[in-house]
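*Asks:* Below, each chain spelled out in residue letters.
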Amino acid sequence: MQIQMTLNQKKITAEIEADTLLLDFVRDHGCLSVKRGCETANCGLCTVLLDGVPVLSCSTLAARATGHHVQTLEGLQAEAEEFVGFIADQGAEQCGFCNPGFVMNTIALLRENPTPTDDEIRAYLAGNLCRCSGYDGQLRGIRAYLDWKEAQAK
Amino acid sequence: MLTINQYVRAESLEQAYELCQKKRNVVLGGMLWLKMQHRNVETAIDLCDLGLDQITETSDSYTIGAMVSLRTLEQHAGLAALTQGAFAEALSHIVGVQFRNTATVGGSLFGRFGFSDVLTLFVVLDAKIELYHHGMLSIAEFCALPRNTRDILVQVHVPKTQKRVVYLSQRNSATDFPVLTCAVALQDGNCQCAIGARPLAAVTFTDETGILQNGITPESAAAFAQNIAQKAEFGKDIRAGVEYRKRVCAVLVRRALLQAKEG
Ligand SMILES: Cc1cc2nc3c(=O)[nH]c(=O)nc-3n(C[C@H](O)[C@H](O)[C@H](O)COP(=O)(O)OP(=O)(O)OC[C@H]3O[C@@H](n4cnc5c(N)ncnc54)[C@H](O)[C@@H]3O)c2cc1C
Ligand code: FES
Ligand code: FES
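If you read the sequences in order, they're chains A and Z. Each residue of the first sequence is one higher than the last, beginning at 1 in this note's numbering. Each residue of the second sequence is one higher than the last, beginning at 1001 in this note's numbering.
The set of hints was computed from the structure by calculation and includes no laboratory data. One should not assume that every hint holds.
Covered stretches of chain Z (in silico footprint by chain A; criterion: 3 or more residues with CB under 8 angstroms from a CB of chain A, positions within the stretch not fixed) [as the list claims (entries may be wrong)]:
hint: 1; region: 1002 to 1008
hint: 2; region: 1031 to 1038
hint: 3; region: 1043 to 1052
hint: 4; region: 1145 to 1156
Beta carbons are placed, not taken as given, at the ideal position from N, Cα and C, and that holds for glycine.
Extracted from the complex, chain A is given alone in its bound form (with noise of 0.2 angstroms):
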């Protein structure tokens, strides 16, 4: 079947077929960043963002995105700019599997809420599993760049 969408900014048609998950959909177009982890909808890793709202495209089809726009971290550089360098910081990751879904939550997360407490953040990760850390570092990560937009704020 035939579909289409845009995939980071850009209109694509493709032959697909009917079971193709949009998680492989988007590797084959490049988009390497999406990641299959656990693909039993638990990990978080394979995360995009689809209409502008953050979903896992290991268990959505990618005949579901026709008509739609799509984005992966390959698209988001600038955004995710700001803050990756706060997170890196902070030792936060080991392996760094876990860290393209993880940025691309966090980036839903400061659009929906600019200003979250450290609970909001946590609450909102909570779906993006990492194997290696304890999550602290992530957590402070935010948390400092988040403090330092505040100072540059004033």
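We have chain A; now place chain Z with the ligands onto it with these hints.
*Replies:* Here is chain Z with the ligands on its own, set in the frame of chain A:
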């Protein structure tokens, strides 16, 4: 593994209904549960173009379309006010934000899952389930339908009845399936209590023997909770055994009642 031969975006409920009469065709909600199954699907029927992703309000009820995401439900201001935040409490522990953006109300209810937080809450709200072919059913009638019922869940109606509602659940670890779910609704001195994730589907209890007739106190709440823990049927699974669930039930019901009374 789930394989799908053909994908159809239904153009009408009638078309979706006709298609879903075939045994090898399935209706897609968020596909999260379907995806976990080993199944060869002939035609996947997508309802996403039928405008069922809206929550609308009339003077006496809220109507929730089958394709509304659990996240939308969790964040809806009107439903939050009606239930004093019970929707957010029931839904916010389900996996994560991305998951709840993907999962739908229709799929969550049609599955009538034993572990369901969603079903447990809707039960005490006296929700009505609108199926395309079977029409409007009480949630109890809907739950009693045979598992192999082939119909389309179109929308859910929640009456704007003034109630005190409290939802509580117990999980072994954050974002896991619940070990027990509990929803309590108080209305005009009457109490309705639903217990789910037993691990069987949610069942409701009322105060048949008048334990709460002189009001909710720490003692009467504890007695009512013990009574339900004795009456409810529990099972065991990898998360918990019968005795543990019974004990958790007594604690959750007591806490929920006291919280509901405090308002
Ligand atoms: C890893 C994981 C963890 C979970 N944890 C929890 C939890 O802690 N608490 C909880 O309450 N739930 C939990 N769930 C269940 C989840 O919240 C959803 O209820 C479930 O995924 C079904 O919703 P869906 O939209 O994905 O439906 P789907 O998987 O698409 O569909 C489920 C079933 O309903 C049918 N269906 C879908 N929509 C309709 C419709 N409109 N009319 C007729 N039939 C329809 C489908 O054909 C299918 O048989 C979990 C699920 C998973 C996969
Ligand atoms: S790969 Fe999608 S949630 Fe884990
Ligand atoms: S750093 Fe390895 S999984 Fe998160």
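*Asks:* Against which earlier hints does the structure fall short, listed by number upward?
*Replies:* 4
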